[in-house]
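Q: Take the sequences, apply the hints, and build the full model.
Number of protein chains: 2
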Amino acid sequence: MNTGIRIQQRALLNAFIFFAVVSFGASAHAAAGDQDLIKKAGQVFGPLPQSMPTEQNPITPAKVKLGKMLFYELRISIDGTVSCAKCHPVSLYAADGLKKAKGNNCKENPRNAPSIFNSAAQISAHWIGNRTSVEDQAKQSVTGPPAFGMPSYESVEHILKGMKGYVALFQDAFPGEKDPVTIDNFAKAIGAFERTLVTPAPFDDFMKGNAGAMTEQQKKGLKTFLDTGCMTCHFSPYAGGQMYQKFGVFEPYWNYTKSEKVDDGRFAVTKKEEDKYIFKVPVLRNVSMTPPYFHDGSVDKLDQAVWIMAKTQLGKDLTKQETGDLAAFLSSLTGRIPDDAATAPILPAME
Amino acid sequence: MNTGIRIQQRALLNAFIFFAVVSFGASAHAAAGDQDLIKKAGQVFGPLPQSMPTEQNPITPAKVKLGKMLFYELRISIDGTVSCAKCHPVSLYAADGLKKAKGNNCKENPRNAPSIFNSAAQISAHWIGNRTSVEDQAKQSVTGPPAFGMPSYESVEHILKGMKGYVALFQDAFPGEKDPVTIDNFAKAIGAFERTLVTPAPFDDFMKGNAGAMTEQQKKGLKTFLDTGCMTCHFSPYAGGQMYQKFGVFEPYWNYTKSEKVDDGRFAVTKKEEDKYIFKVPVLRNVSMTPPYFHDGSVDKLDQAVWIMAKTQLGKDLTKQETGDLAAFLSSLTGRIPDDAATAPILPAME
Chain A
1 MNTGIRIQQR ALLNAFIFFA VVSFGASAHA AAGDQDLIKK AGQVFGPLPQ SMPTEQNPIT
61 PAKVKLGKML FYELRISIDG TVSCAKCHPV SLYAADGLKK AKGNNCKENP RNAPSIFNSA
121 AQISAHWIGN RTSVEDQAKQ SVTGPPAFGM PSYESVEHIL KGMKGYVALF QDAFPGEKDP
181 VTIDNFAKAI GAFERTLVTP APFDDFMKGN AGAMTEQQKK GLKTFLDTGC MTCHFSPYAG
241 GQMYQKFGVF EPYWNYTKSE KVDDGRFAVT KKEEDKYIFK VPVLRNVSMT PPYFHDGSVD
301 KLDQAVWIMA KTQLGKDLTK QETGDLAAFL SSLTGRIPDD AATAPILPAM E
Chain B
352 MNTGIRIQQR ALLNAFIFFA VVSFGASAHA AAGDQDLIKK AGQVFGPLPQ SMPTEQNPIT
412 PAKVKLGKML FYELRISIDG TVSCAKCHPV SLYAADGLKK AKGNNCKENP RNAPSIFNSA
472 AQISAHWIGN RTSVEDQAKQ SVTGPPAFGM PSYESVEHIL KGMKGYVALF QDAFPGEKDP
532 VTIDNFAKAI GAFERTLVTP APFDDFMKGN AGAMTEQQKK GLKTFLDTGC MTCHFSPYAG
592 GQMYQKFGVF EPYWNYTKSE KVDDGRFAVT KKEEDKYIFK VPVLRNVSMT PPYFHDGSVD
652 KLDQAVWIMA KTQLGKDLTK QETGDLAAFL SSLTGRIPDD AATAPILPAM E
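Which chain is which? The protein sequence lines are A and B, in order.
Mapping of the first sequence onto the working numbering: residues 1 to 351, in sequence order.
Mapping of the second sequence onto the working numbering: residues 352 to 702, in sequence order.
Since the hints were derived computationally from the structure, they do not count as laboratory data.
Treat the hints with care, as some may be off.
[What the hints assert, rightly or not] Below, computed lysine to any residue pairings styled on SDA-like, alpha-carbon distance capped at 20 Å:
| hint | chain 1 | residue 1 | chain 2 | residue 2 |
| --- | --- | --- | --- | --- |
| 1 | B | LYS609 | A | MET350 |
| 2 | A | LYS107 | B | VAL518 |
| 3 | B | LYS652 | A | ALA349 |
[Claimed, not checked] Label pairs and their calculated CB-CB ranges:
| hint | chain 1 | residue 1 | chain 2 | residue 2 | range |
| --- | --- | --- | --- | --- | --- |
| 4 | A | LYS161 | B | LYS559 | 55 to 65 Å |
| 5 | A | GLY33 | B | GLU702 | 54 to 64 Å |
| 6 | A | ALA268 | B | LYS612 | 41 to 51 Å |
| 7 | A | THR215 | B | THR566 | 51 to 61 Å |
| 8 | A | GLN321 | B | GLY527 | 35 to 45 Å |
| 9 | B | THR566 | A | LYS161 | 17 to 27 Å |
| 10 | A | ALA342 | B | GLN407 | 30 to 40 Å |
| 11 | B | GLY513 | A | GLN50 | 33 to 43 Å |
| 12 | A | THR232 | B | ALA519 | 32 to 42 Å |
[What the hints assert, rightly or not] Quick look at which bits of chain B chain A covers, simulated, 3 or more residues with Cβ under 8 Å:
| hint | region |
| --- | --- |
| 13 | 566-578 |
| 14 | 628-642 |
All C-beta atoms in this analysis are idealised placements derived from N, C-alpha and C, irrespective of residue type, glycine included.
A: What follows is the structure, given as structure tokens:
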């Protein structure tokens, strides 16, 4: 072996060592960064549960089976066109793609329909705290004038009692009750079904330690989410739903949204001046898949919604890069829909 | 063994022989009756196919996948609330339970929405022959004023082209086409999906030779169906859908239905006097599950609809027993919905 070749070999070896050290250093650094991010994310969000039962409404297979059927039931609305699934269709991640939900006889609801996925563990249902739980929401919907529009709870019970299939299912779901076809059991059954609707996402895989489950841009967006202050309100496994907050802390929201009118928010419920423009912080699970955004659906694009949020809530003027990164992170919250949730139930025949 | 006991034994033996002969005779008789009925049913109806492709629109998995998504697509309607699935929800056996279908902005359609199950092999779609096929129906619906209400085919293509997810699916479904996102391919994809929607029922099991698949009353009803003349129009594996017929051969239909107005039927299409009150003979598959009945949904109960049919079409005044038997037979046409049909597809996000 001549000197020239030996020098070449040494040069190659040096190059190898150099690259190996650099790569190893980088990946060790990346791994440490990922571990740090996973840890921080775990502290803010925490693991998504498999379901969201409560003591008042434990989940049972019989309740879920009935609740799913009732979720799809159209014949208990005043014009026969409204079911829970109308405003929460699985195909659009259980939101409806409209600015504001449309109920019976095309009546417009006051606000945007939120997704029903991952929604049962919030402090309240809907936007302004006038629905205490998913059960309360199901119950109030049937007589809500722009929702199902039925004249009374009794009229709903009457229709359900007229179908033998339902009577048997209520008996199964609420064993031992003499007259189980009641509006409260209706609400409990739908609630039990909704409490199963959890959609684990790549972000959850990441939080479990699989650093490769998120792209580099998604991770960058997560860092920005944590560093900018979004997580002050959007925390918990649902990235929201745990508190009320003024929409427009730094500036009125309508300076930036395309709102057609100003919504007083929770003031409508409490009549307290300090509740003006207060809304529930929405859950961000599947947010990429459920435009348009905000309580009035006035913004179509996610990156624009993100920019408006930072501007009005945090007084920050995000760059295009930052809003892009944040939108990328939010897309990692798009989850897997449970098979059972995606299968339409067959309803009893009208007799 | 004493004589008394021997006589008792002989009496028992005689009794056994007597009952054995009677039972065997009866079951042989029943079996012969069933075989005869199975044979006759086979001649009138024939076996239900596994799917209903045409030469113009062969079924491919890629077309079915896309077609099913388009079937659930709401965002191609003028008010964002209408999809094929709105008037054909799986949960109600792909009919909508209304007298007349409701389209965009709650506009009422002129007639009752027929089930889309087992419907693709008819002479035409809908009631009066103004939709030549399921593909033609899908295409015409999007611009139909009381249906999707879109201003043009181009406006639908524009929305679909705006979602990358759809562009890729059209490319897969129509390989080699330079610009596959067209309204005609939209129609073909939905048609291909609908051509898979076949629901085999207990009646099919019976026709295959399983005499126990139908109850005695259902068999009695089938005999009545064949003997009374119902099968003159309601033949083929779909028990209908193969011809037009005047509604009111013996008497005007509105003498018995609760119709709010007289519908001229196919006259609206051809303007020929002889086409007045002519409608397509509807498919009877799943008819028990899809009230209300007739082109205007003016009758709620199946036994009443059966009675009116015999009266107006055959000039026969059926007894309560006969209408009950016929309704029982029709319930044997309630089929099993294919798993794939019952699963909601997840749609691409709006970009």
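Q: Compare the structure with the hints numbered earlier in the document and write down the numbers of the violated ones, lowest to highest.
A: 2, 4, 5, 13
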